[in-house]
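K.L.:
Chain by chain, the residues run as shown.
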Amino acid sequence: MFNKYDVLETIEMIEREHLDIRTITMGISLLPCVAGTADATAKKVYDRVCSQAEDLVKVAESLSMEYGIPIVNKRVSVTPASIVCAPFAAQSAKVGRALDDAARTLGIDFLGGYSALVHKGMADYEKTFIETIPEVLSTTEKLCSSVNIGSSKSGINMDAVKLMGGIIKETAARTAEKDGFGCAKLVVFCNAVEDNPFMAGAFHGVGESGTVINVGVCGPGVVQHAIESIPGADLTELAEMIKRTAFKITRAGQLVAREAAKRLGAEFGIVDLSLAPTPARGDSVAQILEEMGLESVGTHGTTACLAMLNDAVKKGGVMASSRVGGLSGAFIPVSEDIGMIEAAERGGLCIDKLEAMTAVCSVGLDMIAIPGDTPADTISAIIADEAAIGMINNKTTAVRVIPAPGKGVGDCVNFGGLLGRASVMPVHGESSSKFIARGGLIPAPIHSNKN
Amino acid sequence: MHAVVTVVGKDKTGIIAKVSAFLAGKGVNIEDISQTILQDYFAMIMLVDISGAKEELAALAESAAELGKSIGMSIHLQHEAIFNAMHRV
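Protein chains in written order, with our numbering: chain A, 4 to 454; chain B, 6 to 94.
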């Protein structure tokens with residue numbers, strides 16, 4: 004028989020502290036779909052995604068009932084589409100729309116992988132592919148896109164960085180009636196991972212197996228509650244408590260991932276233990292940091308608290324599962340976290356502090372609304388800064404900013420649902436254009452030469 | 006196959022009777038019961054064998070939750086694996 008307090012703890016985590024499996028993401032290789040023409044490839048892509056993921060939603064719902072734990076999102080990630088679209092790059096949108104159609108047929112929440120990997124160089128067909136992103140994101144619903152522009156091993160492709168500043172602006176302009184919502188589905192990465200189950204940055208790496216199940220587990224509320232339960236504890240004790248909590252959450256994720264993979268005839272990939280917030284109160288990373296003793300997220304001490312949190316989460320996760328992967332850490336998407344939303348509205352959280360925070364947590368400048376008139380080169384420079392942090396520190400960093408058309412500092416952008424709302428943050432007004440215009444490659448750092 | 010049934014809510018008369026009658030009706034065998042009152046709140050945990058049940062686990066879980074609603078308690082019926090995973094190294 005189980006210890007009754009353990010059983011009740013699990014029930015409490017699920018009922019009151021928002022413990023959930025945030026996503027079951029099926030990774031599907033599109034390599035078998037490459038055909039001579041865009042139309043033929045699009046058809047094969049649609050058929051393959053629909054057949055591989057046919058039972059995804061059904062299996063997820065039944066697992067959720069059996070284990071009594073909510074499974075919030077069902078998603079699919081695919082091979083970066085720029086690879087399968089290479090022979091007909093100008094018509095890549097046909098494949099994008101086929102993927103979006105497949106997502107709607109399956110009833111899944113998002114499909115990621117309208118992506119390109121250009122961290123060292125950008126072929127003509129990749130550039131052409133990237134140029135289709137704004138149109139595709141503005142005419143599809145569930146499709147997400149990402150572009151990897153740098154890595155610790157190869158450096159930062161500044162030509163791609165320059166291009167992406169303009170792509171983000173154009174995506175915002177094409178979705179202006181929805182406050183630039185298209186940009187919420189577009190991530191620019193440095194050191195992108197191939198098994199990330201979270202959106203908008205999920206894609207299925209070419210080194211992965213044919214069909215894989217990756218699971219993302221969340222639990223900011225559970226961690227916050229654990230910290231609340233030991234109010235006088237010092238930081239060593241706090242780290243230990245976070246680690247133990249992360250362990251339990253990861254184990255739940257691993258159980259679901261293994262069982263889902265078995266039932267769907269796929270390989271079990273990884274469990275990604277990320278503290279991903281939602282706009283619900285009590286499901287916030289900012290509130291964890293504030294529970295640790297900060298008056299408001301963004302004040303001095305925030306980076307240190309976040310560093311400790313991120314590390315303790317990873318340690319608990321690694322102990323719990325031998326297949327921890329993805330991003331595994333703490334997310335700080337500004338519009339999706341009630342504590343961050345409120346701190347930004349008070350003016351207590353600025354983009355410079357967020358940039359420092361990204362050096363110690365799992366991703367990057369995420370879901371930040373910036374003024375609509377921000378020049379493309381400034382966005383490129385924001386991407387370059389963020390990529391530099393990732394490249395030098397051997398970690399994934401990303402930029403998902405929304406230059407909200409027609410909005411200025413202090414205006415509010417509302418995306419609704421899990422994407423939340425954001426107060427438009429100021430960016431520096433001084434130009435970075437000459438730097439961005441140089442182009443070329445920022446060479447890989449000395450410590451990447453390990454062979 | 007084993008599942009864990011948890012019943013949590015304000016203490017009142019007849020909770021065990023109603024829950025065990027429900028389980029018997031579904032062909033579920035109770036193997037162990039532990040019960041406690043925490044600050045007026047009733048918390049009962051049962052380990053049950055569902056091998057002889059007429060329904061699938063997901064369907065049982067759904068009917069258990071419905072029973073909970075009808076008697077004003079929170080009732081969960083879950084596969085034991087979730088507790089093994091989270092609380093045993």
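Don't read these hints as lab results, they were simulated from the structure.
Check the hints yourself; a few may be wrong.
Straight-line C-alpha distance at most 20 Å; calculated EDC-like pairs for lysine to aspartate or glutamate [said to hold, decoys possible]: (1) A/K7 x B/D54; (2) A/K7 x B/D37; (3) B/K15 x A/E15; (4) B/K74 x A/E15; (5) A/K246 x A/D388; (6) B/K15 x A/E12.
Take a look, some chain A residues computed to stay more than 10 Å from chain B by CB distance [claimed, not checked]: (7) E12; (8) I72; (9) S435.
Cβ atoms here follow ideal geometry from the backbone N, Cα and C, with glycine treated the same way.
K.L.:
Now look at each hint and say whether the structure bears it out.
P.N.:
Status of each hint after checking the structure:
no.: 1; hint: A/K7 x B/D54; result: holds (18 Å)
no.: 2; hint: A/K7 x B/D37; result: holds (12 Å)
no.: 3; hint: B/K15 x A/E15; result: holds (15 Å)
no.: 4; hint: B/K74 x A/E15; result: holds (17 Å)
no.: 5; hint: A/K246 x A/D388; result: violated (31 Å)
no.: 6; hint: B/K15 x A/E12; result: holds (18 Å)
no.: 7; hint: E12; result: violated (8 Å)
no.: 8; hint: I72; result: violated (7 Å)
no.: 9; hint: S435; result: holds (48 Å)
The structure is inconsistent with the numbered hints 5, 7, 8, although it conforms to all the rest.
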